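**Student:** Next come the chains, spelled out residue by residue.
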Amino acid sequence: MAYTSLGFLAFLGIVILVYYLVPKKYQWAVLLTASYIFYLFSGVAQLAFILGTTAVTYFAALLMQKKRDAYKAELAAIGPEITREQKQELKKAVGNKIRRVQFASVIAVLLVLAIVKYLNFAIESTNTVFNVLNIDVYLSPVEKMIVPLGISFYSFQAMGYLIDIGRGRYAAEKHFGRLALFLSFFPTIVQGPINRYGDLGVQFNKEHSFDYDNLKYGAQLMLWGFFKKMVIADRAAPAVAAIFSENYADYNGSVYFFGMLMYALQIYGDFSGGIDIARGAAQTLGFNLPQNFERPYFSTSVADYWRRWHATLGAWMREYVFYPVMLSKPLTKISKALRKAGKAKLAKLVPSVVTPFVVFFLIGIWHGANWKYVAFGLYNATIVAGSVALAPVFKKTIEKLHINTEAFSWKLFTIVRTFLVLGISKILVKSPGLKAALHIIKSIFTEVDLDFVFGLDGKIFTFGIDEKNMFVLFVAVLILFGVSVLQENGMKMRETLAKQNIAFRWAVYFIALIFVLVFGVYGPAYNAADFIYGAY
Amino acid sequence: MEKLLEILQQIRSDIDFEKETTLVDDGVLDSFDIVSIVSELTMEYDIDISIDDMTAENFNSAAAMHEMILRIQDED
Amino acid sequence: MKNKKLVRSLVFAVLVFALILTLCDLFEYGNDHASQRIETYQQLEKNTVDAVFVGTSGMDRYWIGPKAFEENGITAYSLSTEAMPTWLLKSMLIEATDNQSPKLAIIDMRSFMLSYDGGEINDVRSRRVIDVLDFFSYSRLNAIHRTLKVLSKWDDDTSRFDMSFFFSFIRYHSLWEEESFSFDELKDPESKYMGFYVHENLSIAPISKIGADVTTQEREPLDPLCEQQLYELLDYVAKQDYEVLFLDTPHCYNELEAKRMNTLCDILDEEGVSYFVPGVDRELYDLETDFYNDGHVNYYGAEKFTEMFAEYLTENYDLPDRRGDEDCDDWVGVYDVIKAQIKKFEQAAEK
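Chains as they are written, first to last, in my numbering: chain A, 1 to 536; chain B, 1 to 76; chain C, 1 to 351.
Be aware that one or more of the hints could be misleading.
For each label pair, taking beta carbons as the anchor points, the in silico distance ranges come out as [said to hold, decoys possible]:
| no. | chain 1 | residue 1 | chain 2 | residue 2 | range |
| --- | --- | --- | --- | --- | --- |
| 1 | A | Asp213 | C | Ser137 | 34 to 40 angstroms |
| 2 | A | Leu110 | C | Ser137 | 57 to 63 angstroms |
| 3 | A | Val147 | B | Asp14 | 43 to 49 angstroms |
| 4 | A | Val393 | B | Asp14 | 16 to 22 angstroms |
| 5 | A | Ala10 | C | Val14 | 17 to 23 angstroms |
Simulated from the structure, these hints should not be mistaken for laboratory data. All values reported here derive from a predicted model rather than from experimental measurement. Yeah, the Cβ is synthetic: ideal placement off N, Cα and C, and Gly gets one too.
Build out the structure end to end from the sequences listed, making use of the hints.
**Tutor:** Quick look at the structure:
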């Protein structure tokens with residue numbers, strides 16, 4: 001069930017009604033039932049996967065908790081006369097036990113994810129290698145692999161939870177239903193945000209009274225999400241599909257550049273719009289989900305971008321990959337050795353350069369099982385690691401050229417630069433293949449078709465976005481841009497709107513509603529000719 | 001504490017570490033800064049900062065970091 | 001405070017719903033004549049219409065209701081939509097009896113001649129009916145229900161979208177994207193012709209090519225869907241208070257249609273239902289001036305048909321003379337308006 005469907009709105013309406021009407025101690029049950037019904041819309045077989053992961057997560061966490069409790073009890077039993085050595089020994093022992101459970105359970109969750117999402121990719125890659133090495137072996141890929149709805153999202157949440165419990169961040173959830181709800185909560189299951197147990201899970205233990213503001217703000221956020229998704233993303237989509245298609249060779253660099261801009265609009269509108277709908281829906285039920293997008297196209301560097309774009313994935317990676325790799329024994333050993341050899345700068349640099357490659361490789365394949373995503377990851381890693389490594393050089397250059405980095409013009413320059421650098425990484429992903437991507441990137445820099453850029457030959461309107469559509473898209477993007485600038489300057493749109501007079505407020509709501517209803521892309525495709533020439 | 005502030009100042013000279021109390025929560029420090037801090041502290045104080053110590057609370061202010069260092073030294 | 005918020009939310013919800021209804025009403029497509037026809041019918045004085053036509057364009061292009069009223073005193077109104085599918089004849093009959101109690105229902109035989117293969121074309125034909133009925137009316141719900149039931153046969157057709165039958169706006173909201181779109185299109189035409197179809201090009205256009213006018217004694221089975229719908233309809237009308245007459249207005253058949261028409265007549269004979277198939281009478285009609293295509297008469301042909309059929313009705317049915325009835329003022333003078341309109345078209349064409 002798509003979040004932009006009428007069906008989902010009806011579903012949400014019913015859930016809200018039931019949720020606030022039942023006694024508060026059963027609210028979790030309403031949400032769990034709703035989440036599983038929502039999940040069932042995608043298929044029955046899929047249910048086994050999420051249930052399996054939930055069970056593993058639940059029991060492994062409890063086991064870790066039990067071991068930690070036992071350790072604490074032992075400490076208490078010995079009392080204050082415990083020696084330092086004794087304490088350390090006990091701690092080490094329990095640490096090892098917990099780590100074993102943690103490791104096994106995380107691997108179990110990861111394995112399911114890996115098999116479902118990456119097995120065929122691995123098989124095909126192996127076949128390619130065999131082929132290159134002239135080994136006459138062919139592994140056949142698994143046909144009809146079931147990919148359960150949102151498996152990346154719930155698996156990541158489960159792994160995060162298991163690692164956090166292992167680290168002793170919080171106590172394991174004793175209530176199976178609430179843990180199942182944390183992993184399946186219907187607003188977040190399709191496209192995130194990726195929640196941490198400490199943020200979302202604990203909210204399921206609280207009772208939620210009906211709150212008018214939550215309902216209102218939630219609905220507003222959803223409407224904003226519909227606007228981004230249906231008016232902007234879906235209206236830009238035809239051009240993206242047409243330009244980054246198998247026929248890409250027919251076009252020139254300026255067309256590709258146009259395509260890249262449209263893709264930037266499409267993917268941001270689609271993803272962040274979907275997240276707004278998810279966060280809005282959760283808010284109507286009284287839940288706060290983390291921000292996932294903070295105006296990423298205003299980023300001043302690639303590292304900055306990855307803090308603003310899909311922020312919960314970035315946070316997950318930082319917490320569970322970046323820090324652990326940084327602090328891992330091999331890396332710290334290398335650092336220490338380098339430092340002893342008197343190469344302090346290098347000692348600092350090595351982890352900062354190595355880690356981004358690990359993180360972005362994972363972010364790359366997280367987006368899809370395909371070599372182009374690997375290329376996408378490596379490209380981003382190179383830039384992030386490169387900018388860390390070259391930071392002193394940049395600093396010196398800027399000083400030498402007497403550039404005022406506080407000036408607006410400099411900020412604008414960094415924003416445009418970052419947008420273009422990331423545009424290239426978007427092309428890597430969107431092109432039909434790596435070879436096509438390289439051709440497209442090269443063309444953008446070498447072929448400029450001014451007639452096309454200024455719309456003089458009208459060709460710009462031939463990629464599925466005609467003049468009228470372009471005008472609507474332009475107005476919509478202006479609105480998005482205006483709102484983004486206000487938000488970037490710290491204005492909270494919904495709170496600010498709430499302070500206005502009712503006439504103004506309602507005018508805004510209705511205009512927004514009409515805009516989405518009339519200019520949104522939804523409903524059955526329809527062909528006016530059918531109506532005109534429908535015979536008789 | 002003096003020594004700590006000096007180390008921090010070297011890493012990010014633009015931040016007033018004596019006053020800030022939400023270094024991580026408000027995104028003042030990014031993950032690379034934190035890693036630089038960790039590697040400096042590891043060297044200067046000869047301590048092992050483990051992954052379990054990598055929480056926002058431990059890095060939100062200079063005082064919190066100081067406390068963490070003392071605790072780890074004590075445990076060793 | 002709490003009550004204030006509640007009231008405010010309710011008002012807001014009502015306004016949103018009103019907005020959606022307005023949009024549904026505003027954004028309808030290519031249905032001006034039919035929706036105007038239905039709207040006018042709903043506004044007529046209660047129980048003043050004695051006969052209704054339901055069916056395809058084969059009704060509204062032929063029957064000049066106001067003429068028959070002026071000359072014969074009959075109030076017979078055409079509730080037709082283009083290519084009305086068989087499964088919606090019943091829904092339209094429900095609509096016809098909502099505010100009126102006609103003595104006679106005239107059912108178009110052409111609906112049973114149409115070809116019904118393909119979900120897309122049936123989708124369009126059904127929407128033409130559903131879209132013109134009142135949003136809250138039972139006839140509309142009935143029409144949606146029946147349509148969804150039939151269309152489920154073509155379930156693979158991805159363009160089908162159930163909710164859009166209830167809220168037509170879902171389907172037509174992208175109307176503004178059409179190249180030919182202008183805001184004038186969103187307004188319904190104001191003049192009312194009591195069910196008769198008046199069109200600036202078609203009403204006075206002569207036929208360009210005379211089609212084959214097949215007559216045959218052979219039979220061809222009806223489309224199975226049509227046959228099933230026919231029996232269902234006959235069951236339904238048998239229980240109603242009004243009399244029923246199946247009518248096929250004069251036009252050229254192709255071979256298949258001619259054979260199916262024979263079958264249809266056989267079935268009606270068997271069931272004891274009366275029907276009237278006048279055929280293209282060469283004495284009456286001039287093929288070169290009275291038709292605008294194989295399937296339809298133009299205004300001149302309609303004049304001739306109306307005269308003939310009004311006579312048939314007065315001879316065979318007991319329909320009161322409504323002239324002078326105050327409740328029927330709506331009918332008065334409309335025939336002159338039509339004639340004046342046609343004159344205008346003729347003058348414009350001469351220039």
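**Student:** All hints are to be evaluated individually against the structure, with a verdict given for each.
**Tutor:** Hint check results:
In this structure the supplied range 34 to 40 angstroms holds for Asp213(A) paired with Ser137(C), their Cβ-Cβ distance being about 39 angstroms. Checked against the given bound of 57 to 63 angstroms, the beta carbons of Leu110(A) and Ser137(C), roughly 58 angstroms apart, stay inside it. As the Cβ distance of Val147(A) to Asp14(B) is approximately 46 angstroms, the hint placing it in 43 to 49 angstroms holds. Judged by the Cβ atoms, the range 16 to 22 angstroms given for Val393(A) and Asp14(B) holds: they are separated by roughly 19 angstroms.
Take Ala10(A) and Val14(C): their Cβ atoms lie about 18 angstroms apart, and the range 17 to 23 angstroms holds.
In terms of the numbered hints stated before, the structure departs from none.
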